[in-house]
Amino acid sequence: MELTDFFTDYTLRTITLGTAILGAICGMLGSFAVLRKQSLLGDAISHAALPGIALAFIITGVKDANIILIGALISGLIGTFWIKSIVKRTRLKNDTALGLILSLFFGFGMLLLTFIQKMPNANQAGLDKYLFGQAATLVEEDVWVMATVTGISLIVLLLFWKELKLLLFDADYTKTLGFNTRFLDILITTFIVLAIVLGLQTVGVVLMSAMLLAPAAAARQWTNNLGIMIFLASIFGAFSGVFGTAISASQNNLSTGPVIVLVAATFVLISFIFSPGRGLLFRKIRFRKNRRELHLKKTLTFMHHIVKEHENISRPHAIRILNNFQGFTRKTLNKLEDKKFVRIEGNQWAMTQEGYDEAESIYNQLGSEND
Amino acid sequence: MKDRLPAIRIDDLTVAYDYKPVLWDIDLIIPEGVLMAIVGPNGAGKSTLIKSILGIIKPIAGSVQVFGQPYKKQVDKVAYVPQKGSVDWDFPTTALDVVMMGTYGSLGWIKRPGQKEKKLALEALEKVGMLEFKNRQISQLSGGQQQRIFLARALVQNAAIYLMDEPFQGVDATTEKAIINILKELRKAGKTLIVVHHDLQTVPEYFDWVTFLNVKGIASGPVKDIFNDDNLTKTYGINYKVAVNQ
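So the sequence lines, in the order shown, correspond to chains G and B. Okay, so the first sequence: first residue is 1 according to the working numbering, each after it adds one. Okay, so the second sequence: first residue is 1 according to the working numbering, each after it adds one.
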């Protein structure tokens, strides 16, 4: 497959567009799930959608994608609100409720799928594609549905931006200001369920939650601004869709859903290591640099300690008396000389006025930093 | 003074999370313009009392009135300072942005904050001595600074009643002084302040009104009349002796 095929091949273009939009809406709404500490909610919702898919087929007897999605939506919503009411009404914790509903619904869904396979209906094959998704089945109509839902959720997000941000940060406070937090909660949860249901055909029940979480988790690493985070998450999600589709189209027999998820996971990996503020790499570098500086400061203050016993601060002392000091190396001494805090003459050192002042100011800083 | 409505009036309030009541049949009248401490041991229901006044928790029985009306009708008259630990400070936002949240209530649904709201927020930041940190990511603030940010957010609301849940918890002496000075200023301006407080030693110095609470209401009134060993012992269950110099 050639690169130009993307612009000429109608099917491929549809699929690429579909996965890009899907990635964008998942990144956008996934940010809310991540910031509300409901990362696992997406997993539970997508698994809870499975019995709805099967039941929609059993009841109608046809394998129409839209009818099946409505079935998925209904059972996903039921699962979600069961989870919420379990947490509210019993002493079970959130993770327990999630796990319970997830396995209960998924188990029931699998049971129904096996039942369907034994049905005397030639139409039955292919429902299991909802387990891992099959992007190849995307048609233009599906893309339109995705684009519409994405558009509506974007409008809702912009409209209620202030209220949703407040809810994410401090739900109790939101309530005391007179906002209806129940309404806001239902609003955002409904859109999260919608995004998940839209992705089932492409990515599947099992991997859908990764689509929701990965772009948001990656985006959080790069910014401390909520708006930028949501924007970045959408971009990461869209790129995961595009790259994932391209990779799977260029290789035979690579299913698109898992490849998209792997691309999204790569975004997460890169972000966790290389992002400047929160990334592991720069944190490690900063940590080392701080440690080195701390060593220098400690050595200098130790020297200051010796020096201040004498009237003439620049009086030379033997280098070997520093050997008693833990963490002292010849390298630190050279560094201090570079900074003109000390002078080295043979195997003796002497503190300069600058070094003396620096040591004093280190002491002063230590006193005031605990404010 | 007699015929004025109390700032808050609580009748027969009972709250339970499970089977065990957290608050039992509380009757409480908080007059307007007091700086009041709520004291009591851990699990006495101090935070629950505040949350019930604010409608965050639904009581099993009883009623709360704010200036003679239910809280829902008086949201613009009440400001809340939650416990610092109740939110995730790693949330992607700045100090100024958090303080701006105090204006959201008066803005109502959908309307966005503008220049006027920003000015109010900056003024509040200045009042709590945090203006230089306005663009700081909130996770980079110290515990005391985070507490000041929460206080500033409540100040922006320009309410008549301030409910604060342990504003002195985990802050150093400097911040504690700064906060209490602001509280005293607010009282001078005629505001009513209700503060969950843990440090019994400072009650006479900081507050003029006190409520003793331990699931049931033990006593409530002026500090100089009721802050004594008798009530402390009733509330904390042990023979309590605080050097109170009235």
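Calculated from the structure, these hints are not laboratory results. Please note: incorrect hints may appear among the correct ones.
Said to hold, decoys possible - Here chain G is said to cover these stretches of chain B; the calculated rule only asks that three of the stretch's residues, wherever they fall, bring their Cβ under 8 Å from a Cβ of chain G:
#1 50-56
#2 65-78
#3 84-90
#4 102-110
C-beta atoms are modelled at their ideal positions from N, C-alpha and C, and glycine is treated no differently.
Here is how each hint holds up against the structure:
no.: 1; hint: 50-56; result: holds (count 4)
no.: 2; hint: 65-78; result: holds (count 4)
no.: 3; hint: 84-90; result: holds (count 3)
no.: 4; hint: 102-110; result: holds (count 5)
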